Structures are given as C-alpha cells and as structure tokens.
Amino acid sequence: MTNPNFPAYIISKGRHESMVTSKSLSRMKMPHYIAIEPQDVENYEKALDHFGIRKWVTLLTLPFSNHGNGPGRARNWCWDHSMTLGYDKHWVMDDNIFDFYRLHKNIRIRVESGAIFRAAEDFVDRYENVPVSGFQYRFFIAPDSKYPPYVKNTRIYSTLLISNDCPHRWRGRYNEDTDLSLQILKDPRGFCTIQFNAFLQGKAATQTVAGGNTTEFYHNESMVKGADGKVTRVRDTDDKIWVDGVNSSGTINKSQMLKDMHDDGPCPLYGPAGRDLVEVVWKYKRWHHYVDYTRFKNDPKNQLRLKPGVVLPTGSNNYGMKLITNYGVDNDL
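Residue numbers (numbering that gives the first Met the number 0): 0 to 332.
Any given hint might turn out to be false.
[Stated by the list, open to error] Here are the simulated lysine-lysine pairs, DSSO-like style, with alpha carbons at most 30 Å apart: (1) K296 - K145; (2) K104 - K28; (3) K296 - K306; (4) K54 - K22; (5) K282 - K258; (6) K185 - K258; (7) K145 - K282.
Simulated from the structure, these hints should not be mistaken for lab results. Please read all numbers here as calculations on a predicted model, not as lab measurements.
Construct the entire structure; sequences and hints are all you get.
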C-alpha cells in the first residue's frame, strides 16, 4: 500500500452528515486529519463511528469558531500544525470531494489507495520552484479529448500540495485557492504551479453540498432584512436570482473580491487591448471570475527549474497500482 509522505488535512464545517472527502480517503486506507470548529466536535465524533472511518481519521479542534472570514484561517492553522510535526509539505483538501481518479488511456479510473498522492509528491519534488500543486477536477476532463499529464502555471483548487516554506499564505474571505495561486505566480522570484491531469478529484459543484461555505456564504449572500425585522431570501421576491435551486448571485461577492485583490490591469505582453488579469463574468447560470493565466505561461521567469543533481527517471512507475475493475461506465462515474 502506497500513501503520501506528507500529512493530509480536510477543512470541514457543519458537514458531519456527509463527510464525502473523508469517506473517500478512508476507503482508500489513507490516514488524514479533519480540522473542525469546537461546536462541531460532538457531531463529528459520532459521524466517525456512523460511517466506520475512525481508524483513518484524526480530528483536530481549531482554536476559533464562526469568525466569518472563510476557511483560510483554518488552512493556515493546519499549515502551522504540519510544521510543528516536522514536515516540509502538507496536503489540504475541501470536504466535498467524492472520489479521486487516475486518468489512464483517457479513462477516468477511481483509485483505491493513496498512490496518486505519493506519485504527485515525487514528481513535484524534482523542482525547486513549485510551492503549490494539485489535482484537476474530474468534470473538466472529457473522455473524448486529449490532455497533457499536467499543466503548469494555472490555478490549483480544492486538493493542494503546499510547501511549508512557501512565502505566501491563505488570505481573504473567498476564492482563497485562486488568490494563493496568483500570489505565487506573480512573485518576481519565478514560482510555478503544477496541476495534474493524470490525477483527478471528483469535486462537488459549488453550493450543492450543505454546510461549509454553501451555508455560511453563498446561499446567504442574497438574504435581505425587511422593515419588520424578518430575514428573507431574495429568492422569495426575485426568482431570477435562484436558478435550479442555486443562488446565482451567491458567487458575485467572491468574484468581485478576487478582482479587487488582483486589479493589475491588462497584461503588458498584449498591450492596453489585452484582458485584465481578473474579470467578473456570467457563466453556467451564476457569476464567476475569469483569470488570464496565459501571461504566466508565456513569462520566461515562470518556468520549471529542476533541482541540482536531479536525474529524470526513464520508464514507468505505477506506484503499485493495478487496474482490477472500474466502477461503472466512465461517463457515469
């Protein structure tokens, strides 16, 4: 059995009834931590036994609760926790990831061990300037299209491998993943990110799993308080805001905050006619941010640098993985 060298943390709040990421990692027999707030301890303790995953989980109680500033504070706390344990890196994950996959011959195959985490660690360890890397979303990889095994200098979401000496930390209330990626890529020292297409995560769509940011931010962003003191969803007065049960305006604030944090204007490579680094756009029935990552892909400072003395291996290393069976038709996974 192959598991990662570095500790894995799940940041969770109010999702003891689902615990989808933890159930997936436990099925893979991969030990991990779940960082929770004090008011959730009792419910999560019961959930470990209810789901039969206590063997693989260590609960960590955060020293704060209901601060309203997003998950960044908890992620930074886990970062510090891994450093006190003496590790050079750590994994941090969202709590709404259903499964993990290996993309092999254009088939998205669910994995049953932590081997893909170890493989990602070893690949990233070849380079001296990759402080953050992670897995692509499964739904962005179509079975009838071709993809490279990894993409450099783009955003890393939801499942991240972070070097503990990274000079940039989590900040902001929303879009912390994108902000951290942009902090790294804009650094004049020439850092890179690596997003693996060979390894995938079955992430749930934003606002579709109760608890976490869905309850605390996205669904509440369009609540209004009337003269009678009653709090009402805008949904009750304007059905256009709610599309397919999702608050379509619930993501506007997080998108605008990211633009305000990185309002760098058009890329000098393209002149004043180029797109801004971050723009707010309407897409897929809700507000999103658009980031122009092409400027980092073309910038000579943002190139991968091998560590001195690294010799690239030849041949294939499957890290003990064997295809026994896939779980249903790929498109239905």
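The hints, checked one at a time:
1. K296 - K145: 19 Å, holds
2. K104 - K28: 25 Å, holds
3. K296 - K306: 20 Å, holds
4. K54 - K22: 11 Å, holds
5. K282 - K258: 16 Å, holds
6. K185 - K258: 14 Å, holds
7. K145 - K282: 24 Å, holds
Checked against the numbered hints listed earlier, the structure breaks none of them; every hint is satisfied.
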